[in-house]
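There are 2 protein chains.
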Amino acid sequence: MFDVKKTTEEIIKFIRNYYKENNLKGAVIGISGGKDSAVVAGLFARAIGPENIQGLWMPCHSKENDKKNAYLVAKHFGFNIKEVDLTNIYDNYVDNIKNIYPNIKDENLTDANINIKPRLRTATLYYNAAMLSNIKGGTYIVPGTSNACELYVGYFTKGGDNVSDIMVLGDLSVREVIEIGKYISVPNQVVNKAPDDGLSGLTDEEKLGVKYDDIENVIKGKYVDNDVKEKIMALHKINQHKFKTPMYKRK
Amino acid sequence: MFDVKKTTEEIIKFIRNYYKENNLKGAVIGISGGKDSAVVAGLFARAIGPENIQGLWMPCHSKENDKKNAYLVAKHFGFNIKEVDLTNIYDNYVDNIKNIYPNIKDENLTDANINIKPRLRTATLYYNAAMLSNIKGGTYIVPGTSNACELYVGYFTKGGDNVSDIMVLGDLSVREVIEIGKYISVPNQVVNKAPDDGLSGLTDEEKLGVKYDDIENVIKGKYVDNDVKEKIMALHKINQHKFKTPMYKRK
Chain A
-7 MFDVKKTTEE IIKFIRNYYK ENNLKGAVIG ISGGKDSAVV AGLFARAIGP ENIQGLWMPC
53 HSKENDKKNA YLVAKHFGFN IKEVDLTNIY DNYVDNIKNI YPNIKDENLT DANINIKPRL
113 RTATLYYNAA MLSNIKGGTY IVPGTSNACE LYVGYFTKGG DNVSDIMVLG DLSVREVIEI
173 GKYISVPNQV VNKAPDDGLS GLTDEEKLGV KYDDIENVIK GKYVDNDVKE KIMALHKINQ
233 HKFKTPMYKR K
Chain B
-7 MFDVKKTTEE IIKFIRNYYK ENNLKGAVIG ISGGKDSAVV AGLFARAIGP ENIQGLWMPC
53 HSKENDKKNA YLVAKHFGFN IKEVDLTNIY DNYVDNIKNI YPNIKDENLT DANINIKPRL
113 RTATLYYNAA MLSNIKGGTY IVPGTSNACE LYVGYFTKGG DNVSDIMVLG DLSVREVIEI
173 GKYISVPNQV VNKAPDDGLS GLTDEEKLGV KYDDIENVIK GKYVDNDVKE KIMALHKINQ
233 HKFKTPMYKR K
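As you go down the protein sequences, you meet chains A and B in turn.
Take -7 as the starting number for the first sequence in the working numbering and just add one per residue.
Take -7 as the starting number for the second sequence in the working numbering and just add one per residue.
Looking at chain A on its own, in the form it has when it is part of the complex:
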């Protein structure tokens, strides 16, 4: 049985202890308008105070509605949010590549284009964290927003959204993250929104081809239809390389 109150309090204590032990000051959090970043921001606002959080809305050909939700989250939890528009940087980046490979077609760039966005965003979070650490006279770090279901099937961009300094949702299923979101009163339209990457135009579940509740059941050893289980295990297996880089070791 998931005890939402107890877990929320434990996470807040976990964050406070880590900040105290390492003498840290603040956090830079990418606010996407989705529930994971909203829950992380809400937990950090309680743990270290909203005045020590810098939210970043980092559009990159993004939807206007996501922006509205991102600013709503910041207002609700009382932290500052700034827009760092990556659209031009992204466009220049892609144009640059097209100049170097003159025969390249747009269809050859689909996969490359999807993954460059989270990498630019992570670089931007760390850029702002380094800058704020310098200005504010105390270290700012970058919390990650991945949950246990995403981690289990490797649903993240290597060198992108899997790079962070502290993870608070990594042991929680999507369902449990939503419960915490409701408990800390993340706005309804954010916590109930079907999760999507804001990149491909599909929801996460459409893109993955499996449901988050089924992933949770696999993780917890509960009953899952055999075909679905095989699909989830295949994703789990094929993405293991994202967790551990093979390295030559002398005999």
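Misleading hints may appear alongside valid ones.
If chains are identical, the list can't say which one is meant, so a pair holds when it fits in one copy or spans any two.
Capping the alpha-carbon separation at 25 Å, the derived lysine-lysine pairs in DSS-like fashion look like this [claimed, not checked]: (1) K185 <-> K12; (2) K229 <-> K241; (3) K214 <-> K243; (4) K243 <-> K60; (5) K241 <-> K203; (6) K5 <-> K241; (7) K17 <-> K97; (8) K236 <-> K5; (9) K59 <-> K90; (10) K5 <-> K90; (11) K236 <-> K199; (12) K12 <-> K234; (13) K203 <-> K223; (14) K5 <-> K234; (15) K203 <-> K55; (16) K199 <-> K212.
Note that these hints are calculated values from the structure, not bench results.
With chain A fixed as given, assemble chain B onto it according to the hints.
What follows is chain B alone, placed relative to chain A:
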């Protein structure tokens, strides 16, 4: 006693096995003009053939001499190299931030500016790998270039040059990498060059404040002056967070 011939052959076999097991085709390698990337490229050229290697020279306010050395390495090992100039993207990136924080001074951005470069480079390597995988009909991966001494003291950018798909120098000291470089005939002016990051204007050893040979001796449990050893252990300890991200786990 370091057996350069045996180690070189083992690494080449390690690469070949990994490519075979995972049905891979090629490699995208950032060629900096320094010895680590030259040795990695030379080993991969032998293991998978130079026709399956795409070298990238990614200047970002870089020195002309480094470019000469990068192209010399590519020519020597017979693989194609392309220039992806990140200078404009970097400049736009920094200008973008300055517009958002109008009171920011250049001195507040020093640390942030040093680390953004390797992150842009890593994103570029993966971008090209995804694109080439699409065009060439087989998977291209990104080899890492970190050696054991750099790893021991955490001398790399998190989310930058520590992100890779396969590591071949991670168990070798700087001295051993140089031995391999000489053995596979990396051009003299590259293999004998004092390693620097091409970013800060200092050599690595100046920046770290310790010598790579001393780091090797600490790793191998050999005698090192006490003050030097303390300095190395302090670097080792303070950078452990780059290896493992702390994560909340329910009790």
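Hints and how they fare:
no.	hint	result
1	K185 <-> K12	neither (34 Å within a copy, 43 Å between copies)
2	K229 <-> K241	both (23 Å within a copy, 22 Å between copies)
3	K214 <-> K243	between (41 Å within a copy, 20 Å between copies)
4	K243 <-> K60	neither (56 Å within a copy, 36 Å between copies)
5	K241 <-> K203	between (39 Å within a copy, 23 Å between copies)
6	K5 <-> K241	between (39 Å within a copy, 12 Å between copies)
7	K17 <-> K97	between (46 Å within a copy, 21 Å between copies)
8	K236 <-> K5	between (29 Å within a copy, 20 Å between copies)
9	K59 <-> K90	between (29 Å within a copy, 21 Å between copies)
10	K5 <-> K90	neither (49 Å within a copy, 35 Å between copies)
11	K236 <-> K199	within (24 Å within a copy, 29 Å between copies)
12	K12 <-> K234	between (31 Å within a copy, 19 Å between copies)
13	K203 <-> K223	within (11 Å within a copy, 50 Å between copies)
14	K5 <-> K234	between (29 Å within a copy, 22 Å between copies)
15	K203 <-> K55	within (24 Å within a copy, 51 Å between copies)
16	K199 <-> K212	within (23 Å within a copy, 48 Å between copies)
Hint check: violations occur at hints 1, 4, 10; the rest are consistent with the structure.
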